[in-house]
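Trainee: Sequences listed follow chains A and B, in order. Numbered per my numbering, the first sequence spans residues 1 to 257. Numbered per my numbering, the second sequence spans residues 1 to 72.
Worth flagging that the hints you see were computed from the coordinates, not collected in a lab. Take these hints with a grain of salt, some might be off.
[Said to hold, decoys possible] Computed list of lysine-lysine pairs in DSS-like fashion (alpha-carbon distance at most 25 Å, straight line):
1. A:Lys-25 to A:Lys-143
2. B:Lys-62 to A:Lys-54
3. A:Lys-126 to A:Lys-143
4. A:Lys-11 to A:Lys-53
5. A:Lys-226 to A:Lys-23
6. B:Lys-8 to A:Lys-25
7. B:Lys-59 to A:Lys-54
8. B:Lys-30 to A:Lys-54
9. A:Lys-54 to B:Lys-35
10. A:Lys-108 to A:Lys-25
11. B:Lys-8 to B:Lys-35
12. B:Lys-59 to A:Lys-23
13. A:Lys-237 to A:Lys-173
14. B:Lys-37 to A:Lys-53
15. B:Lys-17 to B:Lys-37
16. A:Lys-66 to B:Lys-62
17. A:Lys-119 to B:Lys-30
18. B:Lys-59 to A:Lys-66
19. B:Lys-37 to A:Lys-25
20. A:Lys-32 to B:Lys-37
21. B:Lys-51 to B:Lys-37
22. B:Lys-62 to B:Lys-17
23. B:Lys-8 to A:Lys-54
24. A:Lys-226 to A:Lys-66
25. A:Lys-53 to B:Lys-35
26. B:Lys-62 to A:Lys-53
27. B:Lys-30 to A:Lys-53
28. B:Lys-17 to A:Lys-54
[Claimed, not checked] Quick look at which bits of chain A chain B covers, simulated, 3 or more residues with Cβ under 8 Å:
29. 16-22
30. 71-77
31. 81-93
Where is the CB? At the ideal position from N, CA and C, for every residue including glycine.
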Amino acid sequence: MAEDTFTIANKNFISRLIVGTGKYKNFEETAKAVRASGADIVTVAVRRVNILKKDEPLLMDYLDPKTITYLPNTAGCFSSEEALRTLRLAREMGGWTLVKLEVLGDKKTLYPNMIETIKSTEVLVKEGFEVMVYCTDDPIMTKKLEDVGACAIMPLGAPIGSGLGIQNETNIKLIKEQSSVPVIVDAGVGTASDATIAMELGCDGVLINTAIAEAKDPILMAESLKYAVISGRKAFKAGRMKKRKYASASSPDENLI
Amino acid sequence: MNNLNVAKIQLNGNPYKINHGTNLNELLNKLRIEKNKVAIEVNGEIVDRNKYSNLILNKDDKVEIVHFIGGG
Numbered sequence: 001m002a003e004d005t006f007t008i009a010n011k012n013f014i015s016r017l018i019v020g021t022g023k024y025k026n027f028e029e030t031a032k033a034v035r036a037s038g039a040d041i042v043t044v045a046v047r048r049v050n051i052l053k054k055d056e057p058l059l060m061d062y063l064d065p066k067t068i069t070y071l072p073n074t075a076g077c078f079s080s081e082e083a084l085r086t087l088r089l090a091r092e093m094g095g096w097t098l099v100k101l102e103v104l105g106d107k108k109t110l111y112p113n114m115i116e117t118i119k120s121t122e123v124l125v126k127e128g129f130e131v132m133v134y135c136t137d138d139p140i141m142t143k144k145l146e147d148v149g150a151c152a153i154m155p156l157g158a159p160i161g162s163g164l165g166i167q168n169e170t171n172i173k174l175i176k177e178q179s180s181v182p183v184i185v186d187a188g189v190g191t192a193s194d195a196t197i198a199m200e201l202g203c204d205g206v207l208i209n210t211a212i213a214e215a216k217d218p219i220l221m222a223e224s225l226k227y228a229v230i231s232g233r234k235a236f237k238a239g240r241m242k243k244r245k246y247a248s249a250s251s252p253d254e255n256l257i
Numbered sequence: 001m002n003n004l005n006v007a008k009i010q011l012n013g014n015p016y017k018i019n020h021g022t023n024l025n026e027l028l029n030k031l032r033i034e035k036n037k038v039a040i041e042v043n044g045e046i047v048d049r050n051k052y053s054n055l056i057l058n059k060d061d062k063v064e065i066v067h068f069i070g071g072g
């Protein structure tokens, strides 16, 4: 059976759903949701250790980086310098070169600053990082990112944490068509149908955090999104029927009684 | 005269007192932090994990200890 594997930077993954680990009540809930989602990759943030709270529980105690791929992010970074510093520290910490870059441009929309993002991608690639890049859904920008060596393009569906669903399906489709690296919709997915749409458009994967963490039952939502992504992927591979203007009867007209 | 043995550093943005001659390994032990779960920067430079015991902290050094937390 031909496996429909998902390859990023020469590494194979089974699940096309990447999940974030932020906004959960506690690490126990995080771990349960991640397990229910079936994700092989989780995003993590880099922050100062709380020196005053000794023996604080650590994410690593709940999600073993040996069994799940940690994808360090640069959330909260508004300049290239901050983002580079964060990812260099992340590499020292875990030894991973696969990272998620996001350089933000505005506090209210959390829209990416594409000028700083492209600049940072270039530097990181030169330093040996494999960079998955959060970006706008602008096909010219994503092309530039690919040109400077991004290993995956991650256009936003809608602003981070908004749950608005994919706002510009045409652009996502254009980006997918022209890209030779995986395209992963990052941000904006609010519920299962949004994730399915992303996959039906032909995207290689979806990255989701808030839709799970802020659901009334995060674990159930995580499971739902797992199936939504699988479902959308299968529908894309199956190739949908053509739309037509008028009805087309499903039962034959011959031999009517 | 006790002060002679004490040096003040900046640890994760806050003043922190250490004994003179403290190296990074000793600092981590004191803070009960496992070294394989963090990364450390001293004065803006990332320190190789294998060199923690060689790095002796000086007065006014800026030390940042970071780890992975939940994020999207």
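Trainee: State for each hint whether it applies.
Mentor: Here's how the hints hold up against the structure:
no.: 1; hint: A:Lys-25 to A:Lys-143; result: 38 Å, violated
no.: 2; hint: B:Lys-62 to A:Lys-54; result: 20 Å, holds
no.: 3; hint: A:Lys-126 to A:Lys-143; result: 18 Å, holds
no.: 4; hint: A:Lys-11 to A:Lys-53; result: 37 Å, violated
no.: 5; hint: A:Lys-226 to A:Lys-23; result: 19 Å, holds
no.: 6; hint: B:Lys-8 to A:Lys-25; result: 36 Å, violated
no.: 7; hint: B:Lys-59 to A:Lys-54; result: 24 Å, holds
no.: 8; hint: B:Lys-30 to A:Lys-54; result: 10 Å, holds
no.: 9; hint: A:Lys-54 to B:Lys-35; result: 14 Å, holds
no.: 10; hint: A:Lys-108 to A:Lys-25; result: 24 Å, holds
no.: 11; hint: B:Lys-8 to B:Lys-35; result: 22 Å, holds
no.: 12; hint: B:Lys-59 to A:Lys-23; result: 38 Å, violated
no.: 13; hint: A:Lys-237 to A:Lys-173; result: 15 Å, holds
no.: 14; hint: B:Lys-37 to A:Lys-53; result: 16 Å, holds
no.: 15; hint: B:Lys-17 to B:Lys-37; result: 23 Å, holds
no.: 16; hint: A:Lys-66 to B:Lys-62; result: 31 Å, violated
no.: 17; hint: A:Lys-119 to B:Lys-30; result: 40 Å, violated
no.: 18; hint: B:Lys-59 to A:Lys-66; result: 38 Å, violated
no.: 19; hint: B:Lys-37 to A:Lys-25; result: 22 Å, holds
no.: 20; hint: A:Lys-32 to B:Lys-37; result: 22 Å, holds
no.: 21; hint: B:Lys-51 to B:Lys-37; result: 15 Å, holds
no.: 22; hint: B:Lys-62 to B:Lys-17; result: 12 Å, holds
no.: 23; hint: B:Lys-8 to A:Lys-54; result: 20 Å, holds
no.: 24; hint: A:Lys-226 to A:Lys-66; result: 22 Å, holds
no.: 25; hint: A:Lys-53 to B:Lys-35; result: 16 Å, holds
no.: 26; hint: B:Lys-62 to A:Lys-53; result: 20 Å, holds
no.: 27; hint: B:Lys-30 to A:Lys-53; result: 13 Å, holds
no.: 28; hint: B:Lys-17 to A:Lys-54; result: 16 Å, holds
no.: 29; hint: 16-22; result: holds (count 3)
no.: 30; hint: 71-77; result: holds (count 3)
no.: 31; hint: 81-93; result: holds (count 6)
Hint compliance for this structure: hints 1, 4, 6, 12, 16, 17, 18 are broken, all remaining hints hold.
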